[in-house]
Every structure is written in structure tokens, then in C-alpha cells.
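Chemist: Hey, can you piece these two chains together into the complex? The hints should help.
Chains A and B are the protein sequences, given in the same order.
Numbers in my numbering are just positions in the first sequence, counted from 1, shifted up by 806.
Numbers in my numbering are just positions in the second sequence, counted from 1, shifted up by 3.
Source of the hints: derived by calculation from the structure; they are not laboratory data.
Heads up, none of these hints are tricks.
Taking lysine-lysine pairs in the PhoX-like style, the calculated list, with each CA pair at most 20 angstroms apart, reads: (1) B:Lys71 with B:Lys270; (2) A:Lys1123 with B:Lys74; (3) B:Lys189 with A:Lys1105; (4) B:Lys83 with A:Lys1063.
So the derived label-pair ranges between C-beta atoms look like this: (5) A:Lys949 with B:Met155: 29 to 39 angstroms; (6) A:Glu972 with B:Trp27: 41 to 51 angstroms; (7) B:Lys242 with A:Lys824: 42 to 52 angstroms; (8) B:Gly106 with A:Val1060: 30 to 40 angstroms; (9) A:His891 with B:Trp27: 57 to 67 angstroms; (10) A:Gly892 with B:Ile36: 51 to 61 angstroms; (11) B:Lys95 with A:Gly892: 42 to 52 angstroms; (12) A:Glu872 with B:Lys156: 50 to 60 angstroms; (13) A:Pro1103 with B:Met155: 20 to 30 angstroms; (14) B:Gly247 with A:Trp1042: 29 to 39 angstroms.
Covered, in the sense of this in silico footprint (three residues per stretch, anywhere, with C-beta under 8 angstroms from a C-beta of chain B), are these stretches of chain A: (15) 964-977; (16) 1003-1012; (17) 1025-1033; (18) 1045-1053; (19) 1057-1069; (20) 1103-1117.
Remember, predicted model here, so these are calculated numbers, not experimental data.
Glycine is no exception: its CB is placed at the ideal position from the N, C-alpha and C atoms.
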Amino acid sequence: MPKVTLDFEKPIAQLEQKIEEMRKLSDNVDLSKEITTLEKKVNQLQKDIFSNLTRWQKVQLARHPERPYTLDYIEMMTSDFVELHGDRVFGDDKAIVGGFAKLEDETVMFIGHQKGRDTKSNIYRNFGMPQPEGYRKALRLMKLAAKFKKPIITMLDTPGAYPGLEAEERGQAEAIARNIFEMCQLPVPIIVVVIGEGASGGALGIGVGDTMLMMENTWYSVIAPESCSSILWKSWEYKEQAAEALRLTATDLVEQKIMDRIVPEPTGAAHSNPPEAAKILKGVILEELQKLKKIKPEKLVEKRIEKFAVMGAWNEKQ
Amino acid sequence: MAWFRRSKENISSQQKKDTPGGIWSKCDECGEIIHKVALEQNLWVCPKCNHHFRIGSKEYFSILLDEKSFKETDANITSKDPLNFVDTKPYKDRIKETIRKTGLNDAVRTGTGKIYKQDVVIACMDFGFIGGSMGAVVGEKISRAIQKALKMKKPLIIISSSGGARMMEASYSLMQLAKTSGMLAKLSQAGIPYISVLTDPTTGGVTASFAMLGDVNIAEPNALIGFAGPRVVKQTIGKDLPKGFQRSEFVMEKGFLDMVVHRKDLKTTLYRLLEMLG
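So here's chain B without its partners, still in its complex pose (with noise of 0.2 angstroms):
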């Protein structure tokens, strides 16, 4: 019997692949350990499987805009939990623990900054604030980036990650779809260009109003791009789903995206785009 359980203790490869303190990051998809600084250098990507780990603001605006172009707009502004919503705990104590725990102040940032010498508006959702989802704040915001878009006449870029509407705000959260929709017919009126990036997860609330709204939509490889999770869908089906149902490769084929480009061309890939656009 004794060999029995030494085979199980044998069979334990898993945890020689813990990260350990910090200086490490698994990938999620090919399990390959990589150092942060060569993680950081080569974008958050995988050198080895090419996985495009989720990232939030600051890494973006830092692969994509020059360097110190940045400067943050309305960044003060925080959610107000209008409804008073409770559920397991209150939605108060929730936004101020995850501002606590994230340093940011909803899901998402916005401002201006240069690609290639070129003006662009930009706004970056993060997923790691409430599931990236959109209430009232995430709403206003990116509405007041379309009008600062209109008023400075430059291109629009919102590169979103985002579980959908925020639950918590409940109908404000639901309004934010029209809100933002509004604000973008406005933009395409006035013959300004807009160009939508989606990331992993863009899905629900999110992907039904500005995300698919792009004049052109262009996605990171393989990310989860749909109304319904997958989840839900699998649930309504009652089968497995395909494999790479609901990611980026297989959403371009179905032809709701222009290209699926990865990260490392996403900066040249929108200024050949605006370049074309301006």
C-alpha cells in the first residue's frame, strides 16, 4: 500500500510552479513562470504562448501613448451610490475598499495624450475596479471624453475591459448605454473619428453601446468579446460551447471587428489609422 501514496505525492509538478514572491508571474494560459521586468518589457504579453495578460490604464497609457503625453481629465470624480444599494454589504464600503485597494477612483480614466505626435482623446476602462463595470461614473466620463473629442476636434480611442453595467447603480447603470451611444452619435455627426479597442473581458452593458460602436473595432488576440457570458450562454444551451466561442478571432469572423491586432502593433496600428482618418 505504501507505494500507492507515494505516487500521489510524486504526481505534484503544480507547485513547483507557484510564483514566488512577487518578482514572478505565471501565465495563465501556458503555465510558462516569467520574470515581471521581462513580462513589463515585452508588454504584458507571453513570450513564450503570446497570452495577453489583462492589464489596467497605466499600462496602456504607457504602450500607447508617447512618452509623458498623458494628462489625466476628471479624475476626481467617484461614484455617489444614488440607490443607497445594499446587498451583502453596501455598495458604499464596496467602492471605497476597491479605491482603497486599486489607488483608482472608478473603472474608468480619462484624458489626452499623443500617438506618434498625433492628438488623440483616450479613455481606459479597468477591469480590476468592480469587474470593470460601468455605472454612472464610467458613463459620465467617457461621455465628457467624446465631448472633449468634439470641442478639441481630435480622434476618440476607448480601449475597453468590462463585465457590463454595474449592477449596484442598477436603471442609472442601464441609462449609461444611452447616455454614452448619444453622446458618440454626436461625434460621428460632426465626422470625427473613433476608434474602439477591445480587450479581455469586454462583454454585456459595455460591448452593447460604445464598444461595438467603433468606426473602426480592433481587438487584442483571443480576448472574451460578447453580449451574454459565456457562462449564461452555456446555461441557455445546455452544451458545451465551441472552443474560442466569443474571442476575438472568432468575433472578427463573425464580422463584428475590423482586425485583431497584437499588442505590441497596437500603437502603430492606430496611428496608420488616424493617420488615414484625420
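Chain A on its own, in the form it takes in the complex (with noise of 0.2 angstroms):
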């Protein structure tokens, strides 16, 4: 049972405790019956929150500090990992990791933002938040898996690339910008998954892809709701009308066709499940990959840029 209760997990919360104390209780008396029920309510109740999330619930949910991470998802999902380091430029950032693995029988670059689960390691990781050198190394790892002719899955969960002084220093808008433009060109099969947040363009510095995908309890957007809240409302208060106006979940973006499919997850979403919720990921990625390596290098190249030219909507008065 998760350790971190959101407000509204709480009634879920409570009922599972309960079950929890008639099970240390039927040693004694039999309680089967009782609980059985308790566990149907339980079940009933998981499924009626979870069908009526708000967005700003959503956002909650893709912050929740026991969802699984990039570095969880590759365990589970990948056999023999091998963590690769480094920009060759500058330095290793850790809030970006990479590595080749085995997906079933086929080696796969995978790449995703790493956050961590404490003080300790979130400092370590800098909370998912990427300085330069961070895409930079993804993109080594990108033209590494292009020689080599190797698919790359990509997974985004961060609050946003490291808005800090030396960011901006070692050039944090280029290193975006060179990822996006080179992303647009690898002759290799790139499949994207939002496993948590996809904060603006620190989540896009490693999200084109030719299929974009988003797991249920996920937010996309090009600005998180609290800061869209400051700038628009100017005050950080108006977070859940922002998280609305923004419309920023996986359903939202694969109406706006901007994504391609969503991810479900486990009910009583991915942190209550983790391997339930690997073993989902990585069925749609197995299915994606078949389909994106049946399509020529060029071929792919073209339908990528293709795919991202048509997003978008405005009028036009001849």
C-alpha cells in the first residue's frame, strides 16, 4: 500500500486500513465475509474516483512520489541494462539517464528525465530538472543508437529543463533547440512516453518522436498550471482553473492530436501498481515498435516532420 496519500486517495485509504486491522483480527474470529465486502467497496470506490479526476488531480497523481520513475520502468520492463555517461562536452547530468537494454530480444536505447525519492537523491537527481549538459548527453545517446541502427524510447517526467544561472550559461535554449531539430532527422524508430510530468520544452528537449504516447495519469503542457497560474491570474492560487484552461491530460492531448494513444494504467493509478503498470508500457511499446519498423529510415524521417508540421489550429481568410 502506498506510504503517500493524496486527499482524494484518502477514503480508499481508510477503507484498505480497515481491511487491514479485520485481517490481523480473524486470526481469532472469522471475518472473511466482511472483508470480501469491504474489498468489493474498496474496488467499487477506487473505480469512481478514479473515473472523475479533475485535471489538477491528474497533475497530482503524475507528481505522485511513489510513481514509478524512468530508471524503475527500465528494471522492470528490460533485461541487462547498461547505464551509459555523459556529454563528452561538459559533464554527466543525473537528472537524465540513458543506456542501452534488451526489450524482449531487441536492444533499445532507452532515455528518460530521472527524479529522485527523497531529499538525498532528489538533490542528486536535481528533481528531474535537466541543466544542458543532460540533453546533450541524450543527444550522444540518440546518434549512438542511430549508427547502430537501434530504436529509441524516450520517457518524460520533469518539472521543467533547470531554469538556473549556469543553465543559461552553457546555453540551456540551444541544447533544446539542437535535440528537437536533431530528433526531427534520426533514421531510427523513436517512440515517447509522459510517464509523469511534461513540463514545456525541458520535457520536448527529448519528446519528438514518430509515436508519442501518454500514460493515463499524466500532464502535458507548455507551462505547469501553478506557474500559468502566477503569470495569467498573478497569483499562485488559481492552479486548478489554470490545470483546466491548460487542458494538459493524456485524454486532452490525444483530442488535440497530439497524441497518439494513452497508456491506461492500473487502477488506483501506476503507484499502486508498479509492475502492472510496466507490464502495460511495455505491451503498447512491443505493439508501437512493430509497426514503426516496418517503415523505411527516410520514410520516417519524412512522416516525423510531417506529423509535428500539422499541429496546430487557426483560421485563414482567403
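Modeler: So, in C-alpha cells, the structure goes:
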């Protein structure tokens, strides 16, 4: 059972606790009937709550501290992961991880943002906020994958590219721009999965692909709802409204034809059952990869550029 | 007590420098009062301190292109408000109002023109239109300009000034980074030159896409150029920012610009480069 409970998860957690207590008692008394009834109730409650989440609640789920991160998914989905380090120019950014791994029989390049679980590891990972060298490492690894004709899978989970002084000095904007530019032209299949937070350019810097997937309880937009609230409403208090206005959930982005497909999560979201979440994701990735492998490299690049070229909507008077 | 009050009244030079009647402009940097005609003749650069005033597409086209050579394309594309975005007021109203106030249809104008008789495809952003923010219209117009350059096999020049992606078009705005960069990839593969001119200010999503991707990156003096805005960076590090941080000269020193060019030399510089790359 998760240790961190979000407000709207509380009724579920309370019932689960009750069941736990009854189980302890059932050594002496037979409570199996009551337990079964309660378990059914929990299931129903979970379904009710999770099928009616507001956009802000989904943002909270995407940030749940027990949600699986990139390295967790790699560990659960693949065997023999070889992590590779450094951008060969400046350093090794810990907020982006990457390396080759075996997905079933196939060698695949995995790259993703990486957050930490506690204060210490979060500082080590810079809360999943990459510096320019993180993007340059990612690009080096992607080019490596292209050189050896291996498909690329990127996992997006960042509150944003790090807005620090050194990041600016080392060209945060250039690093992201370069990645986007190069990712448009890599002659190998690229699958992008939003596994948590997809905040703006910091996410897109490793987020240009042939197939764009978004897990059910994640968000992706041009800005985080809090920052949007502070800029447009001049106050941090309107994050719920901002989340609604930004239309940033998986369902929204599929509707907007930016994402291709939603990856379902187990009831109670990915953090309530990480292995199941990884299993579902792996299934979807394998399926999509098969489709992409049939497309010739030149065609792949052409289609990728075209895919992004049609995004957006405008009025045009003749 | 009386002369205390008087002394305060006496220190009011501020008022004297106010600009009367719209004929005069005041330099933001040195406070110099400049006659509008003189300022225009000096290409909107302060004759005293060389401060480059923020100007729009109309002014840049007149500075950079041969007289009467500019032909605007795709002028009638306007924002659709695909998300029905409402913050403190509806985005639709904001658009309408800005179009009325600025006489522009969105934050970029595109077209073809000549630089000392050399054909170019040119795009210039207008910071005056919702902070030069990039939504689907800017993305589409830039993208079409690139396609035009591809088709005509003529060099591309983009003059940027932008606060970044347009929040009111949310994820659509973000995707314009990929859309424009993808088109630039095509242009690059075709071996057609692209020169990026960064003016004050160029930040956020525009810097993180086409503005930083020029074969040659040029900036005007002292322009603010960065990914995060200085306020955000200051908040992050909790310290005052060093002088000149994120300004053209600083960004060039860090290796991200080829040159910083005074506005009066911009047209000649572009010509020289195009001549060599063509």
C-alpha cells in the first residue's frame, strides 16, 4: 500500500486500513465475509474516484512521489540495462539517464528524465530538472543508437529544464533547440512516452518521436499550472483553473491530436501497482515498435516532420 | 519644517523628462529625449548611448529590405483559440483587442524581399503582439516561410523577439517548437542558408527552437537572450544576477552567437554573409 496518500485517495486508504485491521483480527474470529464485502467496496470506490478525476488531480497523480520513474520502468520492462554517461563536452547530468537495454530480444536505447525518491536523491537528480549537458548527453546517446540502427524510447517526467544561472551560461535554449532539430532527423524509430510530468521545452527536449504515448495519469503542456496561474492570474491560487484551461491530460492531448495513444494504468494509478503499470506499458511499446519497424528510415523521418507540421489550428481568410 | 518640504519638491527632475505630445521619445537607458524623426533617421537607436529601441516588423522590413521589395505572404492567418482558453479574460477577446490595437494579425509577419538586390525569404516577429508569443499562427507562418525558402531555393532570415510560447494555446504552442525545427531540418538538408537575428528580447520557446538554430546567429547589442527569464533565474538561485547576464555580449562570450551587430550595420552584414553562403 502506498505511503503517501493524496487528498482524494483518502477514502480508499481508510477502507484499506480497515481491511488490514480486520485481517489482523481474523486470526481469532472469521471475518472473511466482511472483508470480501469491504474489498468490493474499495474496488468500486477506486473506480468511482479514478474515473472522475479533475485535471488538477491528474497533475497530482503525475507527481505522486511513489510513481515509477524512468529507471524503475527500465528495470521492470527490460533485462541487461547498460547505463551510459556523459555528454563528452562538459559533464554527466543526473536528471537524464540513458543506455542500451534488452526489450525482449531487441536492443533498444532508453533515455528519460530521472527524479529522486527522497531529499538526498532528489538533490542528486536535481528533481528531474536537466541542465544543458543532460540534453547533450541524450543527443549523444540518440546518435549512438542511430549509428547502430537501434530504436529509441524516451520517457518524459520533468517539472522543467533547470532555470539556473549556469544552465543559461551553458546554453539551455540551444541544447533543447538542437535536440528537437536533431530528433526530427534521426533515421531510427523513436517512441516517446510521458510517464509523469511533461513540462514544456524541458520535456520536448527529448520528446520528438514517431509515436507519442501518454500514460493515463500524466500531464503535458507548455507550462506547469502553478506557473501559468502566477503569470496569467498574477497569483499562485488559480492552479486548478489553470490546469483546466491548459487541457493538459492524456485524454486532452489525444483529442488535440498531439498524442497518439493513452497507455492505461492499473486502477488506483501507476503508483498503486508499478509492476502492472510496467507490464501494460511494455505491451504497448512492443506493439508500436513492431509497426514502426516496418517503415523505411527515410520515410520515417519524412513522416515525423510531417506529423509535427500539421499540429495546431488557425483561421485563414482567402 | 517648511524648508524640508521644499527640498523634496525641488528634486523632481523626473517630471521635466516626460515626453510631450508624442513627438518626442525618451531613451529607456539614458533618459535622453529624442525627436521622433531623428530617432527614425537613426534607425531607432539612441544617438547618445546606442540603446537599441524595441521595434516591430514594419521597422525591420524598412531597415533591412530594399525599398518597395517586400511582398507579404500569409497575412490573413489569425488565431483560432482551439482550446477556448479563458484566464482573467477570454483569449478570443484578447486576440481581437490586440489585433485592433496593433493593426497586426499575430506576432509574426512573413514574406519575400531583397537585400541589396539579393532575394530572401524573411520573417520578423512583433513583440507588441502578446509579447511576441508563439502559438499555432506563428508556428504555421514560420513553417510556411521555410517551405517558401525551400521551394524558391532562397536564403531565409528570421528576426526574433519573443517572450516564448503562447500560454493560451498550451500544448499546441509547445508543439510549434518541433514543427518549426522540423522544417528547418529540411531546409538544412537542402543546403539553403538560414540566418537567425535575435533582438531584444528573445526568450523561452523561440530561443529553444528556431532562434538558436541559424547557420549563423546574429544579435543586436544588449538584447536579452535566454531560455528562462531573468526573474525566474533570480528566483531559482536566490541571488542578484551578474551585470550583463543573458545580454547579447554575454551570450556571445558563452559561445552561442556568432556576432553582435549594430542595427546600422545589420543589412550590410546580412548581405556579406548571404553573398558568401549563396
